[in-house]
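Colleague: Protein sequence lines correspond, in order, to chains A and B. The first sequence begins at 1 in our numbering and counts up by one. The second sequence begins at 1 in our numbering and counts up by one.
Derived from the structure by calculation, the hints contain no laboratory data. Be aware that one or more of the hints could be misleading.
Calculated Cβ distances over 10 Å to all of chain A for the following chain B residues [what the hints assert, rightly or not]:
id, residue
1, D148
2, K180
3, L354
4, R357
List time: in silico SDA-like cross-link candidates among lysine to any residue, alpha-carbon distance up to 25 Å [claimed, not checked]:
id, chain 1, residue 1, chain 2, residue 2
5, B, K364, B, K93
6, B, K93, A, M279
7, B, K261, B, S207
8, A, K386, B, D311
9, A, K93, B, A276
Ideal Cβ positions, reconstructed from N, Cα and C, are used throughout, including at glycine.
Protein chains: 2
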Amino acid sequence: MNKIDNAASMLNPQGGMSGAPALRGVRVIDLTQFEAGTSVTLALAWLGADVIKVENPVGGEQGRGASTDKPGMDSYYFMLLNANKRSVTVNLKNERGRKILLDLVRNADVFIENFAPGAIERLGLSYEVLSAINPRLVYAQIKGFASDSPFASYLAFDMIGQATGGIMSITGEAGGRPLKPGPTLGDTGTGLHCTIGILAALYQRESTGRGQRIQVAMQDAMINFCRIAYAAQSLHGKACERNGNQVVLGTTAPSEVYPCKGGGPNDYCYIYSSRASNMHWHRLLEVIGREEFKTDPRFATPQGRADHVKDIDAIVAPWVALHSKEDVMRMLGDAGVPAGAVFDTMELSEDANLREREIFVTVKHHQRGDFVMPGWPVKMSDSHVKIEASPALGEHSAEVYREVLGLGEQDIAELRAEGAI
Amino acid sequence: MNKIDNAASMLNPQGGMSGAPALRGVRVIDLTQFEAGTSVTLALAWLGADVIKVENPVGGEQGRGASTDKPGMDSYYFMLLNANKRSVTVNLKNERGRKILLDLVRNADVFIENFAPGAIERLGLSYEVLSAINPRLVYAQIKGFASDSPFASYLAFDMIGQATGGIMSITGEAGGRPLKPGPTLGDTGTGLHCTIGILAALYQRESTGRGQRIQVAMQDAMINFCRIAYAAQSLHGKACERNGNQVVLGTTAPSEVYPCKGGGPNDYCYIYSSRASNMHWHRLLEVIGREEFKTDPRFATPQGRADHVKDIDAIVAPWVALHSKEDVMRMLGDAGVPAGAVFDTMELSEDANLREREIFVTVKHHQRGDFVMPGWPVKMSDSHVKIEASPALGEHSAEVYREVLGLGEQDIAELRAEGAI
């Protein structure tokens with residue numbers, strides 16, 4: 001227990017030596033909606049930036065209401081993606097509202113949006129306009145397709161990025177139909193790329209004094225996740241094919257999920273033997289008591305095992321079936337064989353160690369009370385931010401307009417009265 | 001053509017206004033292998049950092065040889081992950097070799113490794129040792145499991161991260177077995193998180209003057225990709241289930257890949273209607289000439305459509321089957337319906353627009369000649385790096401040791417003779 005406590009306090013020193021997280025002092029004007037863009041500003045908030053989420057006074061950002069189970073109550077979806085942000089309302093179609101937004105931008109370091117193609121220009125908030133009023137601004141955009149792609153004007157959501165970026169063509173059973181991975185690679189995966197661009201631009205600004213424009217398209221970012229499929233294409237001279245749970249290169253075995261005792265939908269353990277040597281394979285044979293196969297010529301190389309994958313499965317599967325997934329993982333892990341139980345979302349979110357390490361945190365939401373959600377997985381010894389629940393719509397309007405723009409109570413009341421905020 | 005050229009030159013001004021890419025001047029000592037770590041230093045190189053890849057004099061990094069089709073020739077896998085890096089050789093088990101490494105670290109900004117658990121400490125290159133000799137160092141590590149996880153000592157590769165981080169539990173057909181997505185989320189997905197930590201630490205160092213330690217575990221990073229599954233878990237009160245191509249929230253339809261004319265393995269188009277309104281659904285009905293369903297009470301809400309997904313499929317599928325995937329995407333995209341053809345790796349890598357925009361680039365490799373590979377998908381108006389092929393083993397040893405450590409030809413010859421480099 002003490003050991004874990006000490007390690008955790010070393011990793012997350014609640015402010016570290018400096019007391020300030022990495023992006024303390026960085027102000028982000030956040031016009032994002034749904035997930036691709038909101039995942040970026042969530043990461044920036046968790047690195048210590050002051051993220052000001054700008055929302056429509058009527059109903060707020062679309063993700064608040066979409067997919068909620070109770071009308072008028074923020075969706076879990078929204079709560080997962082908007083922690084540690086401040087919410088202000090602005091009516092961007094009102095002239096004074098638009099002026100408020102421009103004033104915020106004058107006092108900001110980063111601006112980001114992921115509206116449908118052309119929308120931000122129609123709002124009069126293009127890169128050209130905003131960089132002219134604040135040359136230090138880092139202006140970031142996420143779209144489905146690049147502005148100079150033939151598909152530039154097309155709408156896109158997560159799955160459209162996954163389809164057009166090659167992800168679905170390499171996911172699924174051999175000979176089966178294309179399949180969408182469950183995780184939202186098109187959204188959060190593109191968002192991670194955009195976050196990298198923004199951070200690099202902030203670093204570059206330290207020497208140039210200037211901001212710049214960052215553009216990331218979902219289709220393009222998806223290709224970066226599929227790189228190894230291009231190694232497979234080069235190896236085999238044809239498009240990379242779906243191959244179930246085998247690695248796309250097809251150059252080793254075992255590389256499969258095997259059913260374990262219990263028979264539940266996720267009672268499986270993935271077992272892998274690296275293509276770099278026979279070491280893991282030999283260790284596996286020792287654990288399962290089948291050392292006679294160490295000298296079998298069929299299995300003498302990684303490629304040889306891949307060529308005899310059914311024989312491999314026939315040796316490994318019967319042993320795995322005798323044990324729970326946790327036991328299989330433990331016995332193989334202890335012996336130095338790469339093995340991973342297929343954990344489901346409930347098992348993970350209730351795991352004591354993941355809770356202790358803030359991979360899952362409990363926040364207090366103004367409508368729903370205690371809420372368990374994934375936290376930030378990047379552990380930095382000198383930057384830590386306590387995770388706080390997503391804000392109510394406009395919760396920080398008065399605070400932000402006073403603090404950032406110097407407005408008084410009277411100004412704010414007037415702006416509200418005329419529907420500008 | 002001119003339009004595309006102009007757009008491309010605006011996005012990638014070959015050095016931009018400043019002439020220097022974002023991370024010019026940042027030196028990275030790169031002890032990474034395979035993909036999780038190499039994907040980080042690849043991103044840093046493409047942002048302009050000077051990445052010095054430190055390899056074993058005998059055979060180099062394991063990824064060079066693993067999965068190659070021709071012994072002695074660098075694998076495509078390695079070539080995809082090590083572009084724009086400089087390669088030096090160091091024998092870390094030789095005393096003078098280890099001293100060379102420490103001298104490099106004294107002159108570096110970032111150090112990164114993804115060896116098996118405990119290996120870097122056994123080499124005498126722990127965070128404590130290196131940060132003591134260079135307090136400005138950002139020291140980054142990627143492991144399968146956190147150092148304070150019960151699985152801390154276990155080996156992990158991409159698929160182990162995907163299994164234990166929940167990815168496989170939400171990927172696959174409804175009622176089917178857990179499936180590994182084709183893309184290497186455990187590797188490149190964790191690498192993106194680590195890259196964010198490194199960049200944030202470099203930015204923080206501008207104000208603190210100090211480096212810090214960054215640790216990312218594959219299992220933890222995978223959870224961040226599955227966030228929406230935790231919204232589904234909260235909605236339904238049970239672990240998120242696999243659901244084929246439907247969105248995990250299960251709150252709208254269509255949200256499916258439909259077979260197109262042609263019948264090939266990837267002749268499919270994904271069609272989606274957002275859960276935020278009925279707008280896409282109505283537009284879809286107009287395009288396919290079935291406007292009578294606009295007023296059908298079964299389909300009056302996103303949730304209603306999700307509850308009648310088979311009826312939706314029966315309306316949409318026959319129309320899609322009449323057209324090629326490109327035509328389906330074009331007709332629906334033009335009408336404002338989210339739709340994405342399932343492109344395969346060959347279609348993408350041969351796409352003229354993706355080539356023009358440097359999403360795929362051709363590099364000249366010292367052994368294999370012209371090689372097409374994915375480029376960097378983040379477009380920055382003021383930072384651009386020309387993509388160059390991965391280096392030969394030790395190609396830059398003399399250059400780096402002269403330039404960074406001030407060694408002469410005689411020194412280098414001696415070090416080689418005694419097997420230190």
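Colleague: Hints first: check each against the structure and report whether it holds.
Modeller: Okay, the hints, checked on the actual structure:
no.: 1; hint: D148; result: 4 Å, violated
no.: 2; hint: K180; result: 5 Å, violated
no.: 3; hint: L354; result: 8 Å, violated
no.: 4; hint: R357; result: 6 Å, violated
no.: 5; hint: K364/B to K93/B; result: 33 Å, violated
no.: 6; hint: K93/B to M279/A; result: 21 Å, holds
no.: 7; hint: K261/B to S207/B; result: 59 Å, violated
no.: 8; hint: K386/A to D311/B; result: 46 Å, violated
no.: 9; hint: K93/A to A276/B; result: 21 Å, holds
Going through the hint list in order, the structure does not satisfy hints 1, 2, 3, 4, 5, 7 and 8.
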